[in-house]
Amino acid sequence: DGGITQSPKYLFRKEGQNVTLSCEQNLNHDAMYWYRQDPGQGLRLIYYSQIVNDFQKGDIAEGYSVSREKKESFPLTVTSAQKNPTAFYLCASSTPGEAKYTGELFFGEGSRLTVL
Amino acid sequence: GNSVTQMEGPVTLSEEAFLTINCTYTATGYPSLFWYVQYPGEGLQLLLKATKADDKGSNKGFEATYRKETTSFHLEKGSVQVSDSAVYFCALSDIQGAQKLVFGQGTRLTINP
Chain Y
1 DGGITQSPKY
11 LFRKEGQNVT
21 LSCEQNLNHD
31 AMYWYRQDPG
41 QGLRLIYYSQ
51 IVNDFQKGDI
61 AEGYSVSREK
71 KESFPLTVTS
81 AQKNPTAFYL
91 CASSTPGEAK
101 YTGELFFGEG
111 SRLTVL
Chain S
117 GNSVTQMEGP
127 VTLSEEAFLT
137 INCTYTATGY
147 PSLFWYVQYP
157 GEGLQLLLKA
167 TKADDKGSNK
177 GFEATYRKET
187 TSFHLEKGSV
197 QVSDSAVYFC
207 ALSDIQGAQK
217 LVFGQGTRLT
227 INP
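Top to bottom, those sequences are chains Y and S. The numbering of the first sequence is the numbering used here, which starts it at 1 and goes up by one. The numbering of the second sequence is the numbering used here, which starts it at 117 and goes up by one.
Isolated chain Y, as found in the complex (with noise of 0.2 Å):
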């Protein structure tokens, strides 16, 4: 079946460390964003891709690195530099043909962080 994958499910880290979080998809989509979710703050983009090769920076974006290199993965680096990085983390992706009509995004399970 078609979908976003995203690994870990469950991830902990010790202050200082980097971690790179994973976002496959096999929907052949274009665009794919990362947001981030906190309690009572809804979702915030911290970066998004249209195409391969190219990214932007979202409303969140410092402390937060990506890359993507293939069109069916964007890996989300949390950095030692980001400040709060305890949070769920949800990739998704659309097609920008539909996308500029519908706003369809289709979302991974998420990946909840942990910094000790």
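Treat the hints loosely; a few may be bogus.
As the list claims (entries may be wrong) - Label-pair distances were calculated between CB atoms; the ranges are:
id, chain 1, residue 1, chain 2, residue 2, range
1, S, Pro229, Y, Asp59, 32 to 42 Å
2, S, Lys184, Y, Arg44, 20 to 30 Å
3, S, Ala169, Y, Leu27, 26 to 36 Å
4, S, Gly117, Y, Asn28, 30 to 40 Å
As the list claims (entries may be wrong) - In silico negatives: residues of chain S with every beta carbon more than 12 Å from chain Y:
id, residue
5, Phe134
6, Ala169
7, Asp170
8, Glu179
9, Thr223
10, Pro229
What the hints assert, rightly or not - Derived contacts from chain S toward chain Y, CB cut-off under 7 Å, selection only:
id, residue
11, Pro156
12, Glu158
13, Gly159
14, Leu163
15, Leu164
16, Phe219
17, Gly220
18, Gln221
In short, the hints are calculated from the structure, not lab data. Just so it is clear, CB atoms sit at the ideal spot from N, CA and C, and this is done for glycine as well.
Given chain Y's structure and the hints, the job is docking chain S onto it.
Chain S only, in chain Y's frame:
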């Protein structure tokens, strides 16, 4: 900039009660509007959408009407079930950007049997 404001939660109802979750927005131009639902431990799923003024989106017994005059997109359901317990997010499309969505803060709904 564009923004979405949702009804404060959490909301707790009894089964078969009528549900309304308020959503208002601020945007330039004519964005599309969406309701997404997040069941426990899962990612978000699109529940319904409306792309122009006076459109009504509907799915699984839920409805919402795009009201440009009041900049609102309230979610309603006539008779809720325990299985509707979830977090509901209102969102709008960022017409200036690359299919970016702006989300409200979410409303947690709990339905008791």
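Hint check results:
Between S:Pro229 and Y:Asp59, the C-beta spacing of about 40 Å keeps the proposed range 32 to 42 Å intact. Under the hint 20 to 30 Å, the C-beta atoms of S:Lys184 and Y:Arg44, about 26 Å apart, fit the expected range. For S:Ala169 paired with Y:Leu27, a C-beta distance near 30 Å keeps the hint of 26 to 36 Å intact. At roughly 31 Å, the beta-carbon separation of S:Gly117 and Y:Asn28 lies within the given 30 to 40 Å, and the hint holds.
Taking the minimum C-beta to C-beta distance to chain Y, about 25 Å, the non-interface status of S:Phe134 holds against the 12 Å cut. For S:Ala169, the shortest C-beta to C-beta distance to chain Y comes to about 15 Å, beyond the 12 Å cut-off, and the non-interface label holds. No beta-carbon of chain Y is positioned within 12 Å of the beta-carbon of S:Asp170; the least distance is around 17 Å. Residue-level check passed: S:Glu179 sits 18 Å from the nearest beta carbon of chain Y, beyond 12 Å.
Not every Cβ of chain Y is farther than 12 Å from the Cβ of S:Thr223; the closest lies at roughly 10 Å, contradicting the non-interface assignment. Taking the minimum C-beta to C-beta distance to chain Y, about 26 Å, the non-interface status of S:Pro229 holds against the 12 Å cut. Contact between S:Pro156 and chain Y, as hinted, is not supported at the beta carbon level, the nearest pair being about 11 Å apart and thus beyond 7 Å. With its C-beta approaching chain Y no nearer than about 5 Å, S:Glu158 sits inside the 7 Å limit, and its interface hint holds.
For S:Gly159, the interface hint holds, the least distance from its beta-carbon to any beta-carbon of chain Y being 3 Å, beneath 7 Å. For S:Leu163, the suggested interface contact is broken, since its CB lies about 11 Å from the closest CB of chain Y, more than 7 Å. Interface hint status for S:Leu164: violated, as the beta-carbon distance to the closest one in chain Y is roughly 11 Å, over 7 Å. The beta carbon of S:Phe219 is positioned within 7 Å of a beta carbon in chain Y (closest approach about 4 Å), and the interface hint is therefore held.
Contact between S:Gly220 and chain Y, as hinted, is supported at the beta carbon level, the nearest pair being about 6 Å apart and thus within 7 Å. Interface restraint check for S:Gln221: the shortest CB-CB distance to chain Y comes to about 4 Å, inside 7 Å, so the restraint holds.
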